[in-house]
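Residue numbers (UniProt numbering), protein chains in the order written: chain A, 1 to 504; chain B, 1 to 504.
Worth flagging that the hints you see were computed from the coordinates, not collected in a lab.
One thing to keep in mind: the hints can contain errors.
It does not matter which identical chain is meant; a pair holds if it fits inside one copy or across any two.
[Stated by the list, open to error] In silico EDC-like links for lysine to aspartate or glutamate, alpha-carbon gap of 20 Å or less: (1) 294 with 135; (2) 68 with 174; (3) 294 with 401; (4) 68 with 287.
Listed below are the residues making up each chain.
There are 2 protein chains.
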Amino acid sequence: MSGPQTPEPALDRQGDCSTGSGDEGAADGIQHSHRMLSFSDALLSIIATVMILPVTHMEITPEQKSDKSVQNLLATRIAVYLMTFLIVTVAWAAHTRLFQIVGKIDDTLALLNLACMMTITFLPFTFSLMVTFPEVPLGIFLFCVCVIAIGAIQALIVVYAFHFPHLLSPQIEDSAHRALHRRHILGIILQGPTLCLAAACFSLFFYPASYLLMATVVFLPYVSKAAGWCRDRLAGSREPPAHSLEFFTFDLHEPLSKERVEAFSDGVYAIVATLLILDICEDNVPDPKEVKAKFGGSLVAALGTSGPQFLAYFGSFVTVGLLWFAHHSLFLHIRKVTRPMGLLNTLSLAFVGGLPLAYQQTSAFEKQSPRELESVRVSCAIIFFASIFQFAIWTTALLQEGETLQPSARFGGREHAFMFAKLALYPCASLLAFASTCILSRFSTAIFHIMQIAVPFAFLLLRLLVRLALAALRALRGLTRPGRTQPAPRAMDDARAPLLPAPC
Amino acid sequence: MSGPQTPEPALDRQGDCSTGSGDEGAADGIQHSHRMLSFSDALLSIIATVMILPVTHMEITPEQKSDKSVQNLLATRIAVYLMTFLIVTVAWAAHTRLFQIVGKIDDTLALLNLACMMTITFLPFTFSLMVTFPEVPLGIFLFCVCVIAIGAIQALIVVYAFHFPHLLSPQIEDSAHRALHRRHILGIILQGPTLCLAAACFSLFFYPASYLLMATVVFLPYVSKAAGWCRDRLAGSREPPAHSLEFFTFDLHEPLSKERVEAFSDGVYAIVATLLILDICEDNVPDPKEVKAKFGGSLVAALGTSGPQFLAYFGSFVTVGLLWFAHHSLFLHIRKVTRPMGLLNTLSLAFVGGLPLAYQQTSAFEKQSPRELESVRVSCAIIFFASIFQFAIWTTALLQEGETLQPSARFGGREHAFMFAKLALYPCASLLAFASTCILSRFSTAIFHIMQIAVPFAFLLLRLLVRLALAALRALRGLTRPGRTQPAPRAMDDARAPLLPAPC
């Protein structure tokens, strides 16, 4: 894959890079960690999303609906899904941080990483055990054992990497205080497992204390993030903190690697989009005997009965695809992912993972029942939250736009208005659909399907529409104030929108 | 994510690249296609692997085992899985080629690509319809409609990209014969859909002809690949063909993008590893009522009954993980992926996708039954084929080592013997386990589990062992022929192994 005949610059670069790394490192088996990290991201994103399956596979008949125990079970499963998602995301963030310190890998580190992944795959199981048997301490005990095992493996990775310093990232490798760094990093890594060790001990005689400790482990990073962010906001400290220093202290507030945030998000979107086809392929191929008995051998008639499923699948795939598209467009304009943005991204993804639930809701309902109305509303709510958190990433990025955004996406940049419209499309559409179902409750399904069909066209025409709107605005301004021709920030945009001249 | 404080060179480069692309392209919404391609790879790899689920979810009781219809159903489902895998891989290869021509994307292309993905997700469903109702032409009709739709979207992408030539890869953009290229590329893209249009027409009145046409569409690339490779081998043409010319003719023999082969393979490995945890989380959390009734409220006893499942899960995850590890090591040393190597990789992945079947087989058997022996043998066979095709990629690469391999991995290179040992480990271990079950059939399960536990340790110690072996060999040689100190190719290596001095 050398130079001239390779068509694509990006591929070319990548090819050259692997070529280079393969050649350099071959001597001692040292490799760049790029592919191992992508694989870990794929695994972790799938594990985070898996627990939506017990939720979507719960079949509730209309008679069971009023049954308290069934409602409780559903609520429990949704809680398990959300908590698992958060826990796996915490594990993923720790993994990201760890491999920002360890820059290169060799075979031993690759195998240790696989062991770490395998332990993480067990977290969802221990967690659902915990929720199904809240009064039996075994679940929390197993959970703590998993966390301790993960911590031990990560500590082993750090010790190994510091033992062979050429595996470390260049900054730490060249640093004079390497031993100090090692102690500091090990301290941070072992915080969670130490708390879990205490929790495991407590689980043997007084399990409520274990739950408290566990909650501390899981929520501490989030709470500290949110608190830090609020403090920064209140104190109004606008200048970017000194990052080079921050990196060396392995601080919890350091920005996440943008590439890995993208890879993790891609994994979640991909698995959510295909969880649906998985169900369709397994459940919607009719049984030959049934076709003969019920439909007189007519396959078309048999497939017709699962028509709503296919429609819902299309709608759902389109929604996941377009949410990915919005995410992709947004991250093209982002330079750095700060911790609040990472948290908002996690929340958005958690709702994206709930989309199969929306699919199952809209595909299962019968016509004109109160259940139909409710299903459409749940779907609208899930889509709304998934997209509004994406929008929140964008607004959070705008708060520190100098650091986090490309010039073209900042206030007054060429892409600003377009980006704004792109991200506002789904929140507006789902909100509109929700509101319409309140007024025209009889047509709720039709409204929902119209929304799902209309949004892709809106995306296709968006650039055109935004350009037209901007041109119109500009023309209007040109008439009133000749000489100023920058794209006008839209009215809803933000009260603080400064009317800066466009950068070029 | 600018320069100095980013720790990892690969991440840094990536970050810079996205930064660059976001900034350059922001003006007209043009973007590098890197992330869209990764997302497509993830989607396609999951779709390719999905059809193993109907196979693994088939529960066969010992009484049903002799039932012909159940055996037929199982065979059918396995055939559906393998065929789907091949079909989706063909679609993936076409997609790879297409985006070697289209180097950059804008919003319209991203949306068209999503539409293409959605159509591809329907292929497994139409295919299982086809197999379940072989005599009803609806299945093949829908399949053909899908292929035609995919072709139409791809043609649209090509027409759009040629309309805005800055989206094309630089070579085609700068070429003087652009119109000629366009006609040629469209011709190749529309070949399959045209055949499928004929098949769709035939399906309405004489469906066997449709099957014949469909088989042509699916197998033509593979047959032509194999034939071309055999021809090359027989004619003994060792010199690399003129690639720059080949690329411009958009020939079927051009090498695949190594990065995308890796991404697709990663997707398959990741989804296979997690299909298992998905089953465990859904099926192995015991029911509280059952625990109270059957096990006197003892959760440990209840979990003990599904102990074999957990053991099998561990074994299976370890196997998938280590096969990924071997693949990863192999591709570190590969510079270019030729078509025969791509085909062998597909076959290896198809067997990797079968590993959940092995898991289900080993987790479901009862002690000391003939079923147990059979299950262990099936598992060994699946692992053997998955790993032997990896080994075949390596030997195929060695046939053209100048073109395809890094210097260090070629004959006489420093990593050659080690790579050889790494790739030979699983075929040898599974073959050994299979042979042992023939002799010691009573201990087949124990043998299988010992193999699964021993192999990771073998991987950890491999470098040490190979070094020791090489040092011993070298010492031996040094005694007999002083002055030659290169690492000796191992005895089994290859009869043609030239005793070249090591490159450095």
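Structure-based check of all given hints:
Within a single copy, residue 294 and residue 135 get their C-alpha atoms only as close as 48 Å, which misses the 20 Å cut-off; across copies the closest is 18 Å, which meets it. In the homo-oligomer, the alpha carbons of residue 68 and residue 174 never lie at most 20 Å apart, since the shortest distance is 62 Å inside one protomer and 69 Å across protomers. Neither within a single protomer nor between protomers do residue 294 and residue 401 lie at most 20 Å apart by alpha-carbon distance, with minima of 62 Å and 61 Å respectively. In this assembly of identical chains, residue 68 and residue 287 lie within 20 Å of each other by CA distance solely across copies; the values are 17 Å between and 34 Å within a copy.
Hints 2 and 3, counting from the list given before, are not met by this structure.
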